[in-house]
Each structure stands twice: as structure tokens, then as C-alpha cells.
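Trainee: Given next are the chains, with one letter for each unit.
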Amino acid sequence: MPEKINKIVRIDGLKKSYKTNTVVDGISFDVSQGKCFGLLGPNGAGKTTTLRLILGLSPADSGALSVFDLAMPANARLVRQRIGVVPQSDNLDPDFTVAENLYIYGSYFQISRSALAKRIKELLEFAGLQDRAETKIGALSGGMQRRLTIARALVNDPELIVLDEPTTGLDPQARHMIWGRLRKLMQQGKTLLLTTHYMEEAERLCDELIVMEQGKIIAQGSPTQLIHKNVESEVVEVRSGGEQAIKFLDDTNGYRVEKAGDTHYFYSNNASELVIKFEKIKDIVFLHRPANLEDVFLKLTGRELVD
Amino acid sequence: MDLRLPRVRKSAFTIWRRNALVWRRLIGPSLVINFGEPFLYLLGLGFGLGAFIETMDDMPYLTFLASGIIAASAMNTASFEGMYSVYTRMIPQRTYESMMATPIEVDDILAGEMMWCATKSLISGTAILAVAALLGAVSGWQALWVIPVIFLMGLCFAGPAMVMTSFATGYDFFNYYMTLVVTPMFILSGVFFPVTSLPVTAQFFIQLLPLTHAVDLVRPIVSGQAVTNPGLHIAVLLAYAMVGYYLAVILVRRRLVV
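Read top to bottom, the protein sequences are chains U and H.
Taking this note's numbering, the leading residue of the first sequence gets 1, the next gets one more, and so forth.
Taking this note's numbering, the leading residue of the second sequence gets 1, the next gets one more, and so forth.
If you are wondering where the hints come from, they were derived from the structure by calculation, not from laboratory data.
Fair warning: there could be bad hints in the mix.
[Claimed, not checked] With a straight-line cut-off of 20 Å between C-alpha atoms, the simulated EDC-like cross-links for lysine to aspartate or glutamate are:
(1) U/7 / U/30
(2) U/118 / U/157
(3) U/15 / H/2
(4) U/19 / H/2
(5) U/19 / U/61
(6) U/299 / U/237
Being a predicted model, the structure only gives us computed values, none of them experimental.
Work out the full structure: start from the sequences and follow the hints.
Mentor: This is the structure in C-alpha cells:
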């Protein structure tokens, strides 16, 4: 018998339109306790709107939505008391220092002053900002601000943490640092719900994810399941000289070819033969790699994700 | 549109406290404004004009002017805070966005903002009262009754100001309200001269303006005369405050909860 899994978020047939523009178009999914669940898709796919619906910051047109088994948005206050939110761009309070930001934010949850003092010390440590407690927000780097925003989302010791593009706009080093922090939270048993348009981020962090496009879910599963189910295991990515490469092959049978921008993608479950052939062609630049979520997206939509 | 009546909860005080903490850091410059400006008005106009106009409405002109300026400053302070500062926190600074990710709702935010606007009115109005007392324009301790009235005036002017903010597209938008509403009230509602010196038809419209009622409450308290129709004046100020708050809440909900 499968063990009973607690569902933190349940969504069934959720719809939301702005005037004639349908932003979320009948999506259904559940988020299990203690997992990292990802919403993946290009800008404008409806990811942020989905989060707003879950937080009760936006009323849905139709469909059922509950968080912690409480119907939303009717129980928004109760639910948000137990959620931590990391918004897409930092909205730290510029009038205050690092520690004051945590203090003020904690007061929005009606947490007592004494409980907060202890909590803030832990959070500063978590964010690696112990030495910056008295620093004004404007003097922090982008990576530090993001870490503080994540720490701020933990002030109420939330059961569910909602992150909207947690690493967008950060340099690779800062991004890795954030990923480390998020994994730490998962080890503590927190449930994470995040949106991203970085395939690498989704692959590294998410136990389960949905791929959204134009308000609809176009694929769902674990990263490996999604890759396994949708695309061949290997790819040869030809960045220049793609047309030449196709001509050179007598037939492309056995290979699936996709084109996105200037790049041609040759998919196969065994691409070593192809690599040997391509090495003989002058003037082509190619890369042989295992398939990833980017390829899943390309296959399902015919487009690259972003960037 | 979400037309439900707002619920005012304890959380509103959290918002008030946030603003108070910010203000505390900038206490120097704000107190200079609060004391300096009325001081100049009272010295310049009170003594300058006062040399020509000894009494107005059976009181020294300085007392007449000081009581009018107390009411006008409550209006200006609350209007400014309710528009420019509230807008800054709502749109460019996105402070409300961060608050609304917590159990705080629009109802709480605007109730807290309104109390804060009134608190700032209280600070500037009390500063003027102190300056006026120093200059000998206040007739006795009964003038302290003006303090709760100033707070009520702050609430009254914060309401309509926040309604403006709820559909403002930028700071320039507030020029309309400042020029078409605040300034006419400042000039016509009895701050500098009695409303009764204006044409009768104009007086009818001026009686609809909140500042007129605010002045009618403040002036007799400061000069030690009996207040006529206190119930009416308080009711008008309360009505502007409550209707303004309700409209601001539903309009800000429409703007932020979409």
C-alpha cells in the first residue's frame, strides 16, 4: 500500500483571465509535503499568476484551490500566516537596516519582540549576513539582498515557502549559494514551491515539476521522468554550420532534428556515430551532451525556453 | 470589485509602528518643518497683517490666524502624507506588496496609514499650538482640547487623499487635487478671513468643505469662545474620514488584489 502523502496545495481546474487574456487556463496539480515543486515555463506562461492565486492575492475565475486543506482565497490570512514568500524582485524596505527589515516583517505576523530577537539572529546566520545587521539595504549586493529576502520569508517559520524566480538576475556564484540555502531548507522538511525559467535550476532542485505554456500545463513529472518520457538520451547541438551538417549526412533517419534560432539539435539514443561524422566536417561548431529539460521544452513547444 | 466593508484589526497598528520607526530617524528635518513654517506664518502674517487688522471676529488677528493655521496644517500634513508618502510605499517602493505576502490585508494597511497621517497632523498641529501659545495667541488651558480635534482632522483629510492615491498614475497626478481642492479650501474656508465675508451662494458651497468645519471647531477652542454646533462639525469630519477610508480600501483592493 502506498504511504499516505500529505498534499500541501491542491489545485483543480484553476482559471484566471484579465479582460480577454486568459493567463491561467484550467490547470490542476498537487504539491506534496516536504518536496520541491517547480513551475517551469517562459515569461508570460502564467507562473507568477499561479503563485498569486495560491497566496490569495488574486481571486480565480473558476476552479478549486486549497492550501493546507483550507479553501482559498477565503482563508488567505490564515494560510499566509504559515507561508513564506520570496517575490520575483526584492521588495526589501529601503528605509531600514538588514536586522530592522527582519524585525518589521516579523511584526506583520504578530510575532512577539522577544521571539523575534532570537529568530533574527538565526536568520542572519542562515543568510550569511551576521556582520551586516546594521547595514542599510541599498548598500547590499544583489546576492545579499536575495539572501536577505529568503531569510525574511522564513521569519514566521513557514511550512511552505513560495519562491518566484529566486535566482533571476544573479551571477552564477550567487546562484549556487542560493541553491545551497534552498537545499538546506528542504533537508529541514520544508515544502518548496518555485517558479523558474532556468532548466538547470529546475533539474537541480525540483522533485517534481510542471511545464507551463500560455496558461496550460504541457508536461508534468520529475525532471528525469520528463526527459526520459519525451526526448532521446543524447543530443548533438550544432551551433554553426547546421545546414551543412544536414547535407553531409546521407539521411537524417534515426536522428530527430530540431531547429531553434541558429542552433540545430540532433537527438538520438546513441549519438557517438554522429559525433565521429561531424568531427570530419570543417567549420562546424558542435556540442555533444546528455538531454535535459531544455530539450523537453523544445520538443513540446518548438521553441527555446528563454535567454 | 470587492465591495465588502473593511475590517479594522490589530494589524493596523503594526503598519502605524513601521511608519513611526521611519519617522523617528528623520525627526530632525521633520520637526524643523513642523515648527519653522508655522512660526514664519504667524510672525509674518500675524504681526505684519495684524498691524493693520487689530481684531477679527471679536478676537486678536493673531489668534484668528493661529487657529486657522492649526486647522490648515492638519489638512496639509494629512493630505501630503496620504498622497505622496502612501503612493511611494504603494507603487515605487512596493512596501505594500511585501506586507500583503503576510497576513496583512489592504484593510489593515490603509487603516494604519490613516492613523499615521493623523499622527503627523497631530505633531504639526500641536507644534503650531505651542508656537501660538508662546506668541500669546492662545487664551488658556482649554485650548488643549484642540489636540484630539487635530487627530480627527488628520483622519478626515487622510481619507480623500488616499482615494486620490488609489488611482494615481504618478506624483504629478496629485497636482490636480492640491490645486483644485486643497488650495481653494486653504484660501476660502476661513483660515485667513471669516467665511461670512464671502457672497452668500459661495458660502453655501464652502459649508460642504471639511476645512470649514475644522476651522469652526478649532477657532473657538483656541480663543476661549463657545463652540457652536460641535455635533455637526464632528459629524462632517467623521463622515469624510469614514467614506474616504471605505472608498480608498475598495479602490486599492481593485488595484492590488487582481
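Trainee: Hints first: check each against the structure and report whether it holds.
Mentor: Hints, one by one, checked against the model:
1. In summary, the hint linking residue 7 of chain U to residue 30 of chain U is supported, as the alpha carbons are separated by about 6 Å, within the 20 Å threshold.
2. Between residue 118 of chain U and residue 157 of chain U the CA atoms are separated by roughly 12 Å; this keeps the pair inside 20 Å, and the hint holds.
3. As the CA atoms of residue 15 of chain U and residue 2 of chain H are separated by approximately 19 Å, the hinted pair is consistent with the 20 Å bound.
4. Only pairs whose Cα atoms come within 20 Å are accepted, and residue 19 of chain U paired with residue 2 of chain H is accepted, the gap being roughly 17 Å.
5. Our distance criterion of 20 Å between C-alpha atoms is met by residue 19 of chain U and residue 61 of chain U, whose separation comes to about 11 Å.
6. A distance of roughly 14 Å separates the Cα atoms of residue 299 of chain U and residue 237 of chain U; the hinted pair therefore holds under the 20 Å criterion.
Of the numbered hints listed earlier, not one is contradicted by the structure.
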